[in-house]
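Assemble the complex: chain A is given as a structure, and chain B must be docked to it using the hints.
Just so you know, the protein sequences line up as chains A and B, in that order. One rule links them: number in my numbering = place in the first sequence (from 1) + 214. No gaps in the numbering here: position 57 of the second sequence is 50 in my numbering, and each next residue is one more.
These aren't lab readings, by the way, just hints derived from the structure by calculation. Computed from a predicted structure; not experimentally measured. Backbone N, C-alpha and C define an ideal beta-carbon position, used for all residues, glycine too. Heads up, a few of these hints could be off.
[To be verified] Not everything, but these chain B residues come out facing chain A in the computed CB check (under 7 Å):
1) I10
2) F11
3) V19
4) R20
5) N22
6) G24
7) S32
[Said to hold, decoys possible] Label-pair restraints from in silico Cβ distances:
8) F229(A) to F12(B): 24 to 32 Å
9) K(-2)(B) to Y367(A): 34 to 42 Å
10) S48(B) to I238(A): 20 to 28 Å
11) K371(A) to F38(B): 21 to 29 Å
12) I230(A) to S48(B): 30 to 38 Å
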Amino acid sequence: MQNIRIFLYLLFVSFIILVLQNTIFSLKFFANIKPELFTLLIVNYAFYEKNKLRGYAYSSFVGFLEDILTNQIFGLNIFLKSLIFLIVFVLKEKLFSNSFIFKCFTGIIFNQLEFWFIYGLTSIFSISIFLPFNDNFVNYSLFYILITPIFLYFINKIEKRFLTKNES
Amino acid sequence: MNKNKLLVVLFSLNFFIFFYGLYNEVRINFGEQFLYSISKPFLLFNYYVTSLSTSFKNKLKTNIEIREELDKLKKENLKLKEKLIQFKSLEKDSLNLKKILSVDNFFEFKKINAKVIGGSNALYQSFVIVDKGENFNLQNGIGVINSDGVVGLIVETFVTSSKILLLTDPLFQIDVVLPSSMQHGILTGNNEDCIVKFLPNNKIYRKGELVVTSGLNYIFPYGIPVGFVYKIVKKPLYTEAIVKPFIKKYSLDYVVLLRKK
Chain A
215 MQNIRIFLYL LFVSFIILVL QNTIFSLKFF ANIKPELFTL LIVNYAFYEK NKLRGYAYSS
275 FVGFLEDILT NQIFGLNIFL KSLIFLIVFV LKEKLFSNSF IFKCFTGIIF NQLEFWFIYG
335 LTSIFSISIF LPFNDNFVNY SLFYILITPI FLYFINKIEK RFLTKNES
Chain B
-6 MNKNKLLVVL FSLNFFIFFY GLYNEVRINF GEQFLYSISK PFLLFNYYVT SLSTSFKNKL
54 KTNIEIREEL DKLKKENLKL KEKLIQFKSL EKDSLNLKKI LSVDNFFEFK KINAKVIGGS
114 NALYQSFVIV DKGENFNLQN GIGVINSDGV VGLIVETFVT SSKILLLTDP LFQIDVVLPS
174 SMQHGILTGN NEDCIVKFLP NNKIYRKGEL VVTSGLNYIF PYGIPVGFVY KIVKKPLYTE
234 AIVKPFIKKY SLDYVVLLRK K
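Excised from the complex, chain A in its bound form (with noise of 0.2 Å):
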C-alpha cells in the first residue's frame, strides 16, 4: 500500500512539476528560466525515504517520466535522479539532518552540481540537451535560491498529505 501511496505521490508532483514549467515558467516575467523541479523533488523525497532499493527505483522512474515528457536525451535523467537520490540518500543517513533549512541547502547544491553535469556533458559531447537555465548562469542560480524554499515548502505539505498522515 505504501508503495503504491509513493508511486502515486510522485506521479502527481510530477505532474504538477511539468505543467508548472510549462505554464508559469514559461513567461517573460521569469525570463524563460525553468527550474529543475524534479531535482528538489528527488531531494525532498530521498530525505522522506528509508527504503534505499524503493527510493532508487522510484527515482529512477521520476527520471524516466521526465525523459519522455520533455524531450530529453533518453537515460540522461534516469541516471541523474537515481544518483542523487542515492548520494542524498547516504548523506542524510551520515548527517542525520532533516530539517527544511538542510533540504533548501541539498536542493540548492544538487541542482548546481546537475547544472555543471549537463553543461559538461553538452560542452564535451557537443549534444543539444535542453537545458532548464538561461545563458545567464547568475540569473538562474539566484533565480533557483529563491524558488528552492517555497517549491520545497509546498512538497512537504503535499507529501504530508499523502505519505505521512496515512502513516500516522
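Quick look at chain B alone, frame taken from chain A:
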C-alpha cells in the same frame, strides 16, 4: 539476491541506458502534444503581455522623443519670436525712412492723355501729331511717354494739336542713364534706333543693358525706360551705345504728356 547487489545491478543498468541514449541520441517524446496543449494559453498570454509591454515601451519612447522635439521647437519658436519683434521694428523704421525719402517720380508733372492723330516718318523728320495743344496749356519741350516708355518731345504747339518729335529723330536729345553702370549719356536718334553718346571709355558696357531717363532735365522723371543696348561702338574719345527703343513708332495711338505743374 542481496539488496546492495540489486542496487548495483540497477545502477549499472541506469548507467548503461544513459550511455546508450547519449551515444545514439535517443529521444522519446510522449508528452509533446500534452505539454503544448497545457502551455498554449500561457504562451498566448505571454505573447500578448510582451506585445503590450513592447508597444507601451515604444509609445513611451515616442512620447519622450515628442517631448524632446517639442522643447526644441519651443526654443526655436522663442528665437523666432525675438527675431520677428526685431523685424517688425526694422519694418517700422524702414517704412518711416521710406516716407521720409520717398520721391514720387511724377510729383512735378501733370499727366495729360492724348491721342495720336497724325505723323510722319520721313528722313530727318520723325514726328507725330496729337490732339492736345495750347488749349491744354502745352508748351514746347514737354516730354511724351506711353506704356512702353519714352516717346519723344513736343517741339511745336498749335491751338488744338501738338507736334511730337520722336526719340528716333536725330534732333531729339535727352540725358539718359545706364542703371547697371550708372553712366550718363546723351540719347539721340538715328531715324531707326537711338544712340547714347559720350559714354566714358573706361567702363564696361554690355549688350542688353537697360537705358532709362536720368531725370536731370525735368522733362522726364527718373527711371522711365527708353530701350536696351544692342551694340557698343568704341570711339577714340568716348563710347557710343546703339539702343533699340521700346516704343513702336509706327503704331502709336495714345500717349501721355508730362506737363510741368
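Using the C-beta atoms of K(-2)(B) and Y367(A), is the stated range 34 to 42 Å upheld? Check passed, 38 Å falls within 34 to 42 Å.
Cβ distance range 24 to 32 Å for F229(A) and F12(B), holds or violated: For F12(B) against F229(A), whose Cβ atoms are near 29 Å apart, the range 24 to 32 Å holds.
Quick one, is the S32(B) hint okay against chain A at 7 Å, beta carbons? holds (4 Å)
Interface hint status, G24(B) versus chain A (Cβ within 7 Å): holds (3 Å)
For the hint 20 to 28 Å, verify it against the beta carbon of S48(B) and that of I238(A). Because 24 Å falls inside the window, the suggested range holds.
Holds or violated: is the Cβ of F11(B) closer than 7 Å to a Cβ in chain A? holds (4 Å)
Proposed interface contact between N22(B) and chain A, which counts if any beta carbon pair is under 7 Å: holds (4 Å)
May I ask you to test the interface hint for V19(B) with respect to chain A, counting a Cβ-Cβ separation under 7 Å as satisfied? Holds, because the Cβ-Cβ distance from V19(B) to chain A comes to roughly 4 Å (cut-off 7 Å).
Range agreement (Cβ of S48(B) with Cβ of I230(A), hint 30 to 38 Å): Between I230(A) and S48(B), where Cβ atoms are some 34 Å apart, the hint holds.
Grab the minimum C-beta distance from R20(B) to chain A and call the hint holds if it beats 7 Å, violated otherwise. holds (6 Å)
Given the hint of 21 to 29 Å, check if K371(A) and F38(B) actually sit that far apart at their C-beta atoms. holds (27 Å)
Per the CB criterion, is I10(B) less than 7 Å away from chain A? holds (4 Å)
The structure is consistent with each of the numbered hints, conforming to all of them.
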